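A.B. asks: Protein sequences, first through last, are from chains A and B. Under this note's numbering, think of the first position of the first sequence as 11, with each following residue one higher. Under this note's numbering, think of the first position of the second sequence as 11, with each following residue one higher.
Just so you know, these hints were derived from the structure itself, not from any lab. Predicted model only: the values in this text are computed from it and were never measured. Think of the CB as a built atom: it goes at the ideal place given N, C-alpha and C, for glycine as much as any other residue. Careful, some of the hints might be misleading.
Stated by the list, open to error - Listed below are the simulated PhoX-like cross-link pairs for lysine-lysine, each with C-alpha atoms no more than 25 angstroms apart in a straight line:
1. B:Lys-133 with A:Lys-146
2. B:Lys-146 with A:Lys-151
3. A:Lys-133 with B:Lys-151
4. B:Lys-61 with A:Lys-61
5. A:Lys-133 with B:Lys-61
6. A:Lys-151 with B:Lys-61
7. A:Lys-151 with B:Lys-151
Said to hold, decoys possible - Computed spacing ranges between beta-carbons, pair by pair:
8. A:Gly-143 with B:Gly-76: 43 to 51 angstroms
9. B:Glu-75 with A:Pro-20: 40 to 48 angstroms
10. B:Ser-125 with A:Pro-81: 51 to 59 angstroms
11. A:Gly-143 with B:Ser-125: 19 to 27 angstroms
12. A:Gly-76 with B:Ser-78: 22 to 30 angstroms
13. A:Pro-20 with B:Gly-127: 44 to 52 angstroms
14. A:Lys-61 with B:Gln-41: 16 to 24 angstroms
15. A:Arg-86 with B:Leu-16: 34 to 42 angstroms
16. A:Pro-81 with B:Gly-127: 26 to 34 angstroms
17. A:Asn-42 with B:Gly-127: 49 to 57 angstroms
18. A:Gln-24 with B:Gly-127: 38 to 46 angstroms
19. B:Asn-42 with A:Lys-61: 50 to 58 angstroms
20. B:Asn-104 with A:Ala-80: 17 to 25 angstroms
21. B:Gly-76 with A:Pro-47: 41 to 49 angstroms
Protein chains: 2
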Amino acid sequence: MASQALPYRPHNHQACVSQALADARAICRAQNARLTPTRERVLELIWQSHKPLGAYDVLAELTAEGQSAAPPTVYRALDFLQQHGLVHRIASLNAFIGCAHAGENHTGMFLICRSCGNVLELKAPGVSGAIEGAAKAEHFKAEDVTLEIAGLCPRCQAENRHD
Amino acid sequence: MASQALPYRPHNHQACVSQALADARAICRAQNARLTPTRERVLELIWQSHKPLGAYDVLAELTAEGQSAAPPTVYRALDFLQQHGLVHRIASLNAFIGCAHAGENHTGMFLICRSCGNVLELKAPGVSGAIEGAAKAEHFKAEDVTLEIAGLCPRCQAENRHD
DNA sequence: GGAAATTTGATATATTATAACATTTCCGGA
DNA sequence: TCCGGAAATGTTATAATATATCAAATTTCC
Numbered sequence: 011m012a013s014q015a016l017p018y019r020p021h022n023h024q025a026c027v028s029q030a031l032a033d034a035r036a037i038c039r040a041q042n043a044r045l046t047p048t049r050e051r052v053l054e055l056i057w058q059s060h061k062p063l064g065a066y067d068v069l070a071e072l073t074a075e076g077q078s079a080a081p082p083t084v085y086r087a088l089d090f091l092q093q094h095g096l097v098h099r100i101a102s103l104n105a106f107i108g109c110a111h112a113g114e115n116h117t118g119m120f121l122i123c124r125s126c127g128n129v130l131e132l133k134a135p136g137v138s139g140a141i142e143g144a145a146k147a148e149h150f151k152a153e154d155v156t157l158e159i160a161g162l163c164p165r166c167q168a169e170n171r172h173d
Numbered sequence: 011m012a013s014q015a016l017p018y019r020p021h022n023h024q025a026c027v028s029q030a031l032a033d034a035r036a037i038c039r040a041q042n043a044r045l046t047p048t049r050e051r052v053l054e055l056i057w058q059s060h061k062p063l064g065a066y067d068v069l070a071e072l073t074a075e076g077q078s079a080a081p082p083t084v085y086r087a088l089d090f091l092q093q094h095g096l097v098h099r100i101a102s103l104n105a106f107i108g109c110a111h112a113g114e115n116h117t118g119m120f121l122i123c124r125s126c127g128n129v130l131e132l133k134a135p136g137v138s139g140a141i142e143g144a145a146k147a148e149h150f151k152a153e154d155v156t157l158e159i160a161g162l163c164p165r166c167q168a169e170n171r172h173d
């Protein structure tokens, strides 16, 4: 049997978080970017699960922790994290998720389960190639690709099967 | 030279609109759906150009015409049109555009020019196939694909070249 | 140590979308 | 034809997402 992707099975999620934070620190150091406490905390909150988090969810967590925070606080941190390839925005959900391939040059492809809400980010070079080819055929210069697939993850398919 | 796609060159746009409306009437008749005056008018407004239109832009046009309209008026009409495959929502822009392949079973792929704002909808079966393959490899049941490419259309590339 | 650049704080407001409930219109069957 | 239910529309209010603006603090670097 093929191994299931991380979001779809129990795993030591704290390890995901630690890895993401370590990667973020390394990437910011390499890029001479300042991963300030708020930015780092927002990244950590985003990584609390494999489900995308809304900006106002992040805001609520920050204020619950006693930080004085307003919407711009969160959006600024998210902008920074996006610009450095540490989080992605899921346009179809108006929400944000930690980048699973930070530092690697890639076009994100997101599999979004409409039942459990988990999101898997794939690299899928074949898909990227096909997209670039199609754009090129129209003489279109592609700069940014939004590719989001909504559906059912393996786990939720299995559960629904014996309802 | 390859012929340019419609949105990128001058054309008799009224023909686009007429065709879209005629198609819509036929499709609704076939599906026993009611293309009411407001719904038809919203579709026509959406088709005024090949640039996506925001819901509140549509609303403004309706009120300018003297129609008593509120946000739900527009969103309901747009929901109806989406459900019958007559318009698409562009998630990355929070805006709506007329479907260029109404009635045909397809996964939309949108080329969005960040300079002129025009959008070209492609069918790109190769891309769809690659996406389905990638999803299948993860045992993911794909139901809805959002594929939006931002970049520069042929015309805007040419214009910017001799700035 | 101090000027410039970056980051943060704080308030206000813009933009996009939906909830809830009353009213009207449409359409098929008695 | 008219009536009853379904579908569509009107209306008001509000939720959810995102940005503008300007002041204050912090960091960087010479």
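A.B. asks: Hints first: check each against the structure and report whether it holds.
C.D. replies: For each hint, the structure was consulted:
no. : hint                                         : result
1   : B:Lys-133 with A:Lys-146                     : holds (14 angstroms)
2   : B:Lys-146 with A:Lys-151                     : violated (29 angstroms)
3   : A:Lys-133 with B:Lys-151                     : holds (18 angstroms)
4   : B:Lys-61 with A:Lys-61                       : violated (32 angstroms)
5   : A:Lys-133 with B:Lys-61                      : violated (30 angstroms)
6   : A:Lys-151 with B:Lys-61                      : holds (18 angstroms)
7   : A:Lys-151 with B:Lys-151                     : violated (31 angstroms)
8   : A:Gly-143 with B:Gly-76: 43 to 51 angstroms  : holds (48 angstroms)
9   : B:Glu-75 with A:Pro-20: 40 to 48 angstroms   : violated (57 angstroms)
10  : B:Ser-125 with A:Pro-81: 51 to 59 angstroms  : violated (30 angstroms)
11  : A:Gly-143 with B:Ser-125: 19 to 27 angstroms : holds (22 angstroms)
12  : A:Gly-76 with B:Ser-78: 22 to 30 angstroms   : violated (48 angstroms)
13  : A:Pro-20 with B:Gly-127: 44 to 52 angstroms  : holds (46 angstroms)
14  : A:Lys-61 with B:Gln-41: 16 to 24 angstroms   : violated (36 angstroms)
15  : A:Arg-86 with B:Leu-16: 34 to 42 angstroms   : holds (40 angstroms)
16  : A:Pro-81 with B:Gly-127: 26 to 34 angstroms  : holds (27 angstroms)
17  : A:Asn-42 with B:Gly-127: 49 to 57 angstroms  : violated (35 angstroms)
18  : A:Gln-24 with B:Gly-127: 38 to 46 angstroms  : holds (45 angstroms)
19  : B:Asn-42 with A:Lys-61: 50 to 58 angstroms   : violated (39 angstroms)
20  : B:Asn-104 with A:Ala-80: 17 to 25 angstroms  : holds (22 angstroms)
21  : B:Gly-76 with A:Pro-47: 41 to 49 angstroms   : violated (55 angstroms)
The structure fails to meet hints 2, 4, 5, 7, 9, 10, 12, 14, 17, 19, 21 from the earlier list, while all remaining hints are met.
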